[in-house]
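Here the protein sequences come in this chain order: A and B.
Residue numbers are given in the working numbering: position 43 of the first sequence equals residue 43, and the series is strictly consecutive.
Residue numbers are given in the working numbering: position 225 of the second sequence equals residue 225, and the series is strictly consecutive.
These aren't lab readings, by the way, just hints derived from the structure by calculation.
Note that beta-carbon positions come from the ideal geometry of N, C-alpha and C, so glycine has one too.
One or more hints might be untrue.
Stated by the list, open to error - Incomplete in silico selection of chain B near chain A, CB under 10 Å:
id, residue
1, Thr13
2, Phe42
3, Gln116
4, His117
5, Tyr146
6, Phe157
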Amino acid sequence: MTYFRKLKKSNRRAYFAVGIFFGLSLLLMLINLQVSPFFVWNMYSVKEVRSPDEAYIAYKLWYNGKLFDLPVEQDHWRMYYAYTIAKFDALRENGDIDPFTAKLRFYKVPEVIAQQLVNNAQSEKKYPEWLRGYLSEVTGEKIQNLVVKKYWLSYQANEKLSVDSSAVIISIN
Amino acid sequence: MEYPYQPYRKLITRFVVGLYFLILLLRACSYNLPDQLCHPVFIETGYDLSYWAIRISRVDWLLTHNFFAGILFSVVLFALCIPMFLFPRKRIYFIIFSILFFILFAVSNIYLTHSQHYLALLVISSFVFFGRSDKTFSLLWEGLRYYLCFLFASAFFLKFYNGGQFQWDLGYVVFREQMATYLFLHPNSWLTQHLYSFFLLHPTIVNIGQKVTFLFEGLFAVGFFTKKYDRLLMFSAFFIFITTMLFSDVFFIEQLLISFLILISPKQWQRIDRSIKRIGGKPNKMPHKDNTSAIFNSSS
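Pulled out of the complex, with its shape left as it was, chain A reads as follows (with noise of 0.2 Å):
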């Protein structure tokens, strides 16, 4: 441990703060719980099971009559709005509720605190309207009108995707 033993020798306030970081990053990690800076860096290594019939989702969002797509490069303009609608999705499928509630609720986290962390029926009124006001500051337009249409797909035997089913998830004019 060649490194640890310069540290320790050059500077010991360093050495346990060095030690303490590692050894509390591995622990975490082999628990699986992100405390950050902690982080564990876990992306992809769960198995991914779909079953065959499991769709696949897209949305598609309309500002001004214009499609809003941008490409993996601009990956920042558009992550607040891809990550948030999902987010959207998720509350309006479950009744308005948080599924992190549940969570809170059998880690007998208290109530106080679990507000705290969890969306409720107000967010996901609001979002719509937020998210007309951030696309306004991102598109640099004035947004009359807003549509989010969410498609069900499937592969078909060519690989080519097709459209089971869609619905429009927010409309604003």
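On the provided structure of chain A, position chain B as indicated by the hints.
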């Protein structure tokens, strides 16, 4: 004792500060800073206790819902880059910046409703500038290189630990899932027509590609024992992030750029230093001595 990065503290610090500035600029241009989020409504903390602390203290609310606090936060983050660049040894600026940058990371993720690692490595990187002496800096910068190796090696290890690696078609399943939106929105794009259509019809290639990417992650474990292959590790990082971009539709540009800086060897820093000198900078007086010692060298 060798401190290979000691002569290049100023240079390395300035490069990293430059990167922080560019990343902040990218965030500002893409409307990702807390004051630009237009009073976001959804949150997601998961079990991350640091996010819980931010929520309970209402720091996130203050930065995203109070106009002046949000603006002040962003301005201070940007402004701190100036003294950090001009006075690379003044720790106080780095300590304040590190705290604020961590808050930026946490608040961004809370309102993104997903704990993404875009800024994670930059959060860790900010700690290495806390060292008072140049020797401590050198050791901490070396430690950061080991952390980078830990990052990828643990990603490799966790794919076994959590079972993902035992699923042969993981690559293909993830590819179909992650790219569904892109394929649906761009059925006639060049990438869909020429690249993705081919891979969709050849799942074996995708699965082999995923295993190769996984091996590139595992390669970082070698970095604990020797620095000889750091160029290969640089290529591995590039390969991992570019394939993630192409096949998972997410681009971790922040992680990619800081990984490159971390893997630059003392010899390469010396060359950069000389090139800058030629343009007009001051020469570094301390001689360079390359270090290829290993973290796990039992003979020492």
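Here is how each hint holds up against the structure:
For threonine 13 (chain B), the shortest C-beta to C-beta distance to chain A is roughly 17 Å, which exceeds 10 Å, and the interface hint is violated. Evaluation of the phenylalanine 42 (chain B) hint against chain A yields a held restraint, the C-beta minimum of about 5 Å falling below 10 Å. Because the smallest distance between the Cβ of glutamine 116 (chain B) and any Cβ of chain A comes to about 8 Å, under 10 Å, the interface hint for this residue holds. About 7 Å separates the beta-carbon of histidine 117 (chain B) from the nearest beta-carbon of chain A, less than 10 Å, and the hint is met.
The closest approach between the C-beta of tyrosine 146 (chain B) and any C-beta of chain A is roughly 7 Å, which is under the 10 Å cut-off, so the hint is satisfied. Contact between phenylalanine 157 (chain B) and chain A, as hinted, is supported at the beta carbon level, the nearest pair being about 8 Å apart and thus within 10 Å.
Of the numbered hints given earlier, the model fails hint 1 alone.
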